[in-house]
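K.L.:
Residue numbers (our numbering), protein chains in the order written: chain Y, 1 to 249; chain C, 1001 to 1272.
For the record, the hints were derived by calculation from the structure and aren't laboratory data.
Mixed in with the good hints there might be a few duds.
[To be verified] Output of the computed footprint for chain Y on chain C, the stretches with three or more beta carbons under 8 Å from beta carbons of chain Y: (1) 1158 to 1172; (2) 1177 to 1183; (3) 1190 to 1202; (4) 1262 to 1269.
We put the beta carbon where it would ideally sit given N, CA and C, even for glycine.
What follows is each chain in one-letter form.
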Amino acid sequence: MGVEKSFSADGEPELAALLSLTFDVEGGEFYSVIGPSGCGKSTLLGILAGYLQATAGAVYVDEDQVRGPHPDRTVVFQDYALFPWMTVRRNIESALRARGVPRGAWDDIARQYLELVHLGEFMDRYPHQLSGGMKQRVAIARALAINPKIILMDEPFGSLDSQTRYLMQEEILSLWHESQKTIVLVTHAIDEAVFLSDKVLVMTSRPGRIKEIVPIPLERPRESGLRVSADFQAVVARIWHSLREEVRW
Amino acid sequence: MINLAKAARKLSATSVSPPSYAGVMGRLEKLAVIIGFCVVWQLLAVAGILNPIITPPPTAVLKAFQELLANGALIQDVLASIRRVLLGFVAASIIGVALALICARVRLVSRLVMPLVETIRPISPIAWIPIAILWFGLGDRPAAFLIYIGAFFPIFTNAFLGFSSVELRYVRAAQVLGFGRVQFFTDVLLRSALPYLFAGLRVGLGVGWMCVVAAEMMGARNGLGYMIQMNRVVFEIPNILAGMITIGIIGFAVNEAMRTLEHRLLPWVGRS
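Make the full structure from the sequences, and use the hints.
P.N.:
Laid out in C-alpha cells, this is it:
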C-alpha cells in the first residue's frame, strides 16, 4: 500500500531540533519512534504530518511530496483534540464532511467506527462527558473513519493511566490488524513501542538524529501475555540500553 | 489511639463541603443577608438614628413601590428604559461582533482600529452626553447611543479575544482532518469563540443597563432614569430608592438569565 520515504528533516538551524534523519516506512507497517524527552520526536511527527516545515529535506508518501497537512496523513494527538462543542457523532461527521463524504452516509459510517471502538452508545454525548480513554478512542475512530493512507500518533496514550494504556495498546493493535493502515507512533514508553511495532526508530537526544532502527522480531498477533515473556523483555532491555546513553539530566 | 481520634475529627471537619454559592443553600443565604440588611436599616430608622428624609426606612420605600405599581407608572418606566437599552445593546452587539471578527481576521484593520478603541474606551459614557445631544438631538436616540457606547467595549473586546484565540490544538486538528476555510470558520472558529461572545454580551448588557440613568438625562420623558431625576427635584427619596432598586433587580435578573442561557447552550464550557 503506502510506502513512505523520508529523508533529512531539519528543524530551525539556529536551534536545530532535528538533524539529518532518513528512514523509510513500509506500507501497512506499525512503526514507532522513540527517544528521550526533547529529542524532537514530536517535531518529527509534525513534519511527517505536514503542519511543521522542515528547513531542509523532504517527506514523500508514495512518491508524492508532503507539502502541508492532509487527511491522508491524519494525526491522533496526545490531548485527543476532539472539538468540545460537538457531540461525539458530530466530531466524526465533521471530519467526513471535510473529506467530501456525502451527507447520507455520515450516520452509518460514524456508527460503524464508533461501534468498532465500543462507543456506540455514546454517540450523542459531549467529549467532556467521557473519560480520557474514551476520548482517545473517539479520536482514533475519527482518524479511521476518514480512511487515511497513514495514521500518525503523537504519544496518544501519554495522558492515560497505565491500566487504560495497556488496554488501548491492545485495542489499537486489533484495529491496525483489521484496517491494515500504516501507523507511525511517537512514544516515550519503550514497552509500548516494542509491544506494538514492526520497527522501532531510536532517536538521539537533541538535536535528534537516528541512533538506530531496531526491527522487532516478535511474532504476531501479540497477546498481552507477551509483555512478561523473556523475548519481549530482552528487546525492551536492548532498546533501553541504547536509549539510556542518550538520556541526559 | 487519641491521635487517631483527633485526626478523624480533623478529617471530618475538612470534608464538610464549603458553602456552595450555586445551590439552594447559597440562594437562601444571599436572601438572608439582604433581608438582614433591611431589618437593620429599619431598626436604625425607627430608632431615630437615620434622618427620615435623607434615608427613609424600608417601609417607606415599600409604600412607594406599592403606589408606583398601582398607578402603572413603574411598569411604563420599566418598559421605556428596557426599550432604549435594547436598542443601544442590539446595535452594539451587531457592530461590536462584526468589527471584532474583521479585526481578528485582517491584521491591517486590527492595527487601525485597536489604538482608537483603546483610547476611547476609558471615556465614561456620561462624558459623551454633550456629543450625543449634538449628534442625535434629544429624546430616545441619544439615549440609545449612550447605551451603545457603554455596551460596545465589553462586547467588542471579548469578541475580539474569542475570534483570535482558537486553541492551537483545534487548529491542528482541523488541519489534519482537512477542513477547508469555510468549514474551519463555521465548525471551529465561531464555535470556539462562543463562550467569549456570550461573556461579552452579558457584560455589555450589564454596562449598558447601568448607563440608563445617564442616558435618560438627555430629554427623555419616561423611564427609570427619568423617574429618578424627576423625583430628585421634588425630594421624593422613597421613589428614588424604589427606582434604584428596580434597576438593580432587573439588572440582576437579566444577568442570571443570560448565565443560565449560556450554560444551556454551551454545556461544555468550564469542563475539560
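K.L.:
Next step is simple, just say for each hint if it's right about the structure.
P.N.:
Cross-check of the supplied hints:
1. Counting residues of the stretch 1158 to 1172 of chain C whose CB lies closer than 8 Å to any CB of chain Y gives 3, so the stated coverage by that chain holds, three being the minimum.
2. Counting residues of the stretch 1177 to 1183 of chain C whose CB falls under 8 Å from any CB of chain Y gives 5; the rule of at least 3 is met.
3. Proximity of the stretch 1190 to 1202 of chain C to chain Y, defined as three or more residues with a beta carbon under 8 Å from a beta carbon of that chain, is established by the 3 residues found.
4. Counting residues of the stretch 1262 to 1269 of chain C whose C-beta sits closer than 8 Å to any C-beta of chain Y gives 3, which meets the bar of three, so the coverage hint holds.
In this structure, none of the earlier numbered hints is contradicted; all agree with it.
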